[in-house]
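Here is what each chain is made of, one letter per residue.
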Amino acid sequence: MDAICEPNVHLVEEDGEMILNMGPHHPSTHGVLRMILSMDSEVIRCLSADLGYLHRGIEKIGESIPWQGFMPYTDRVDYLGAMFVNHGYAMAVERLLGVEVPPRAEYLRVVADELNRIASHIICIGSVTMDLGAYTPFLHGIREREKINDIIEEWCGARLTYNYMRIGGVSFDLTPGLKIKILEFLDGFEVFVQEFNNLISFNEIFIKRCAGVGTITPEDAVGYGLIGPNLRASGVDFDVRRDHPYGVYPELDFDVCVGRGIKGEVGDVYDRFWLRIEEMLQSVRLIRQAIERMPMGPIMGKVPKKIKPEKGASAHSRVEGARGDLFTYVMSNGTVNPHRIHIRTGSFNAFSIVEKLAPGMMIADLVALFASLDIIAPETDR
Amino acid sequence: MDLTFLLMTLLKIVLICFVFAMILGAILTWGERKLSAVVQDRIGPNRASILGVTALGLMHPIADMLKAFTKEDFVPAGANRFLFAMAPMLAMVPPLVVFAVVPFGPGPDFVIAPLDTGVLFIFAIGGMGIYGATLGGWSSNNSFALLGSLRAAAQMISYEVSMGLNLVGIFMIFGTVSLSNIVLGQGQLLWGWLPMWGIVVQPVAFILFMTASMAENKRAPFDLPEGESEILGYNLEYSSMRFALFFLSEFVEIVVIAAMAATLFFGGWQIPWVDPQGTAGGWITVGQVAAFVGKVVFLCWVQLIIRWTLPRFRYDQVMALGWKYLLPLSLLNIVATAVVLAML
Numbered sequence: 000m001d002a003i004c005e006p007n008v009h010l011v012e013e014d015g016e017m018i019l020n021m022g023p024h025h026p027s028t029h030g031v032l033r034m035i036l037s038m039d040s041e042v043i044r045c046l047s048a049d050l051g052y053l054h055r056g057i058e059k060i061g062e063s064i065p066w067q068g069f070m071p072y073t074d075r076v077d078y079l080g081a082m083f084v085n086h087g088y089a090m091a092v093e094r095l096l097g098v099e100v101p102p103r104a105e106y107l108r109v110v111a112d113e114l115n116r117i118a119s120h121i122i123c124i125g126s127v128t129m130d131l132g133a134y135t136p137f138l139h140g141i142r143e144r145e146k147i148n149d150i151i152e153e154w155c156g157a158r159l160t161y162n163y164m165r166i167g168g169v170s171f172d173l174t175p176g177l178k179i180k181i182l183e184f185l186d187g188f189e190v191f192v193q194e195f196n197n198l199i200s201f202n203e204i205f206i207k208r209c210a211g212v213g214t215i216t217p218e219d220a221v222g223y224g225l226i227g228p229n230l231r232a233s234g235v236d237f238d239v240r241r242d243h244p245y246g247v248y249p250e251l252d253f254d255v256c257v258g259r260g261i262k263g264e265v266g267d268v269y270d271r272f273w274l275r276i277e278e279m280l281q282s283v284r285l286i287r288q289a290i291e292r293m294p295m296g297p298i299m300g301k302v303p304k305k306i307k308p309e310k311g312a313s314a315h316s317r318v319e320g321a322r323g324d325l326f327t328y329v330m331s332n333g334t335v336n337p338h339r340i341h342i343r344t345g346s347f348n349a350f351s352i353v354e355k356l357a358p359g360m361m362i363a364d365l366v367a368l369f370a371s372l373d374i375i376a377p378e379t380d381r
Numbered sequence: 000m001d002l003t004f005l006l007m008t009l010l011k012i013v014l015i016c017f018v019f020a021m022i023l024g025a026i027l028t029w030g031e032r033k034l035s036a037v038v039q040d041r042i043g044p045n046r047a048s049i050l051g052v053t054a055l056g057l058m059h060p061i062a063d064m065l066k067a068f069t070k071e072d073f074v075p076a077g078a079n080r081f082l083f084a085m086a087p088m089l090a091m092v093p094p095l096v097v098f099a100v101v102p103f104g105p106g107p108d109f110v111i112a113p114l115d116t117g118v119l120f121i122f123a124i125g126g127m128g129i130y131g132a133t134l135g136g137w138s139s140n141n142s143f144a145l146l147g148s149l150r151a152a153a154q155m156i157s158y159e160v161s162m163g164l165n166l167v168g169i170f171m172i173f174g175t176v177s178l179s180n181i182v183l184g185q186g187q188l189l190w191g192w193l194p195m196w197g198i199v200v201q202p203v204a205f206i207l208f209m210t211a212s213m214a215e216n217k218r219a220p221f222d223l224p225e226g227e228s229e230i231l232g233y234n235l236e237y238s239s240m241r242f243a244l245f246f247l248s249e250f251v252e253i254v255v256i257a258a259m260a261a262t263l264f265f266g267g268w269q270i271p272w273v274d275p276q277g278t279a280g281g282w283i284t285v286g287q288v289a290a291f292v293g294k295v296v297f298l299c300w301v302q303l304i305i306r307w308t309l310p311r312f313r314y315d316q317v318m319a320l321g322w323k324y325l326l327p328l329s330l331l332n333i334v335a336t337a338v339v340l341a342m343l
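Protein chains in written order, with numbering that gives the first Met the number 0: chain A, 0 to 381; chain B, 0 to 343.
No lab work stands behind these hints: they were computed from the structure.
Please note that the accuracy of each hint is not assured.
Stated by the list, open to error - In silico lysine-lysine, DSS-like type, Cα no more than 27 Å apart, as pairs:
1. A:K207 to A:K262
2. A:K178 to A:K301
3. B:K323 to A:K262
4. A:K207 to A:K355
5. A:K59 to A:K355
6. B:K323 to A:K207
As the list claims (entries may be wrong) - If you want the ones that stay clear, here's a sample from chain A, every Cβ over 10 Å from chain B, calculated:
7. P65
8. R142
9. G187
10. M293
11. K305
12. R339
Don't be surprised by glycine CBs; every beta carbon is placed ideally from N, CA and C.
Build out the structure end to end from the sequences listed, making use of the hints.
See the structure below:
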């Protein structure tokens, strides 16, 4: 591994350097993350990442509440991709109990997941553009996300912390009116992507700012444990939906997008940005198929009122979240409360690679890199 | 000194600097928000009202002003208090002084000081604007603000060079640096029908001038000194009316750029084919002043649209653009103009 400079945690300025304390309150740290930068005017000499500002002990909380009661907490793990954490936890407990999920519920989960993926990716690509100084594309994205929020609000009552999935199924069925609304949204969304691309993705200044910046090699991406779009943008072809199939994903037709370095190098900021746009279009495909093929039937499987798995039993699940391979591990101690819940998320690793990439970068590039990694502060700490 | 002359000049200063520039600047703060709202599919400012009259949100500049005046005036610890207080004034005054030589209408009645060295005066005074941003960031004892002020200084000095060189072609064609005479010169007709506006005879210079002057004004895509997502700007530690002064100076500078571009490239107060010597008087003169104001407003709008469309450059890209592209291009433009003039 390349030598990483010694992090300057004591905030003592050595000769010719300036310490810049970026965060926890900084507009482009997207939440409360902190980076201590040793600067040589505009160029970063060294960066040390500091986190823990949003640690709420969610996994520990899980040990003192019943199995079903933990579901709302999973929403708070990742506020932009609550549906995936819901899904991961529900699936892990279902595997623990051996509960069968009805097919309609599985399709509903796909629709909900992919809608959430679009919403989350919009925020990511929007914040890349916003951190590069273009405000308009971000707000155009927010407008589209608002439609998703409205749809999901009508569907399950919540706009951000959905708490939609249940152990053994989902909480609400899709009404015919809502189905039409989702299809209408998808039609409009493809137009939006076109408009967005014309406005910013093919903008010369934007390409100059993104292409070849913050390149992550495939080896580094695997070595640092990056997951999801960040990993794929570096050219590693891995998607949990295809490689470790779950739910009804094997029955659906979609492509796994991989970074191709279309404007610069494979794994640069532009690739990560562009990959998310491609993934959103794949999500559109998935939702259309799922709605079309959705069978009628119940939305909840047969789950005992009191969940009491036998002592020592454990299970895990892997879900392709908006930020990648979301790993949930649950273990039982024979009571109504879980013994241990662990959720492995991607932002922690994504944050760690910033330390390696930052030295030698300009501060404006750091902001672009940081935004393109799609780091969600609560997800790093949980 | 003649008392009437003194009073007239004072009246002109009040009318042009404070009524026209300041009010247009204040309206532009509204215009920017409303325009960005339209661009971004939002409603924009619509709440502030006086007795229920919202006037499309036009009451917001007034509300902002009241807010700015009543907020706490905060000086950070370790700041150089004198320079910290001076900086907003240094930022605000030069753009207002520049209006002294801008002809708002035909004849010496519509300009505060009809200097023969008009454009040179503008550059001399406009160059002072650097001090506001630089000292403001440096004196506030903040690393982020310091970075912002360094960026501001480097960027403004770099772009001032090509900004000035862009206009040399105009001087060569009209044979003068006096703004009033340049406007008169633009009343001529090319081939008997085409108004000889600056943009017609110097189209490259116009684009370069607008680029350089937007960089000079520190606005997107050149808003690195403020780069709110990176370093939060040289005016980071400012609050209350001092911040508002920085803010307003930026908008007055938009008006300055628009006024300069209108004067140098869009024929100033000239209405095409109507009274090119500006001697008609009466309603035609009123129309000419209105034409000038209209051109200024249009060019302000152009700047706002650009600001809400483009992303920001990186520091080294701005420097490269200024020195490697803009400067050689403006020099080439001078040479090309000279060759064409020599051949004619």
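Does the no-contact call for A:P65 survive, Cβ to all of chain B over 10 Å? Non-interface label stands for A:P65: nearest chain B Cβ at 43 Å, farther than 10 Å.
Agreement of A:K59 and A:K355 with the hint, judged by alpha carbon distance not exceeding 27 Å: Outside the cut-off at roughly 31 Å; violated.
Hinted pair B:K323 and A:K207, Cα distance within 27 Å: holds, 16 Å
Taking the minimum C-beta separation from A:K305 to chain B, is that value above 10 Å? holds, 50 Å
Would you mind confirming whether the straight-line C-alpha gap from B:K323 to A:K262 stays at or under 27 Å? It holds: about 23 Å lies between the C-alpha atoms, which stays within 27 Å.
Is it the case that A:R339 keeps its Cβ farther than 10 Å from each residue Cβ in chain B? holds, 39 Å
Given the hint that A:K207 pairs with A:K262, does the C-alpha gap stay at or below 27 Å? holds, 9 Å
Holds or violated: is the Cβ of A:R142 farther than 10 Å from all Cβ atoms of chain B? violated, 5 Å
Please check whether the beta-carbon of A:M293 is more than 10 Å away from every beta-carbon in chain B. holds, 32 Å
According to the definition I'm using, a residue is off the interface if its beta carbon is farther than 10 Å from all beta carbons of the partner; does A:G187 meet that for chain B? holds, 13 Å
For the pair we were handed, A:K178 and A:K301, check the Cα-Cα distance against 27 Å. holds, 26 Å
A:K207 and A:K355 were given as a pair; does the straight-line alpha-carbon distance stay at or below 27 Å? Cα-Cα ~22 Å, so holds.
Against the hints set out earlier in the document, violations occur for numbers 5 and 8.
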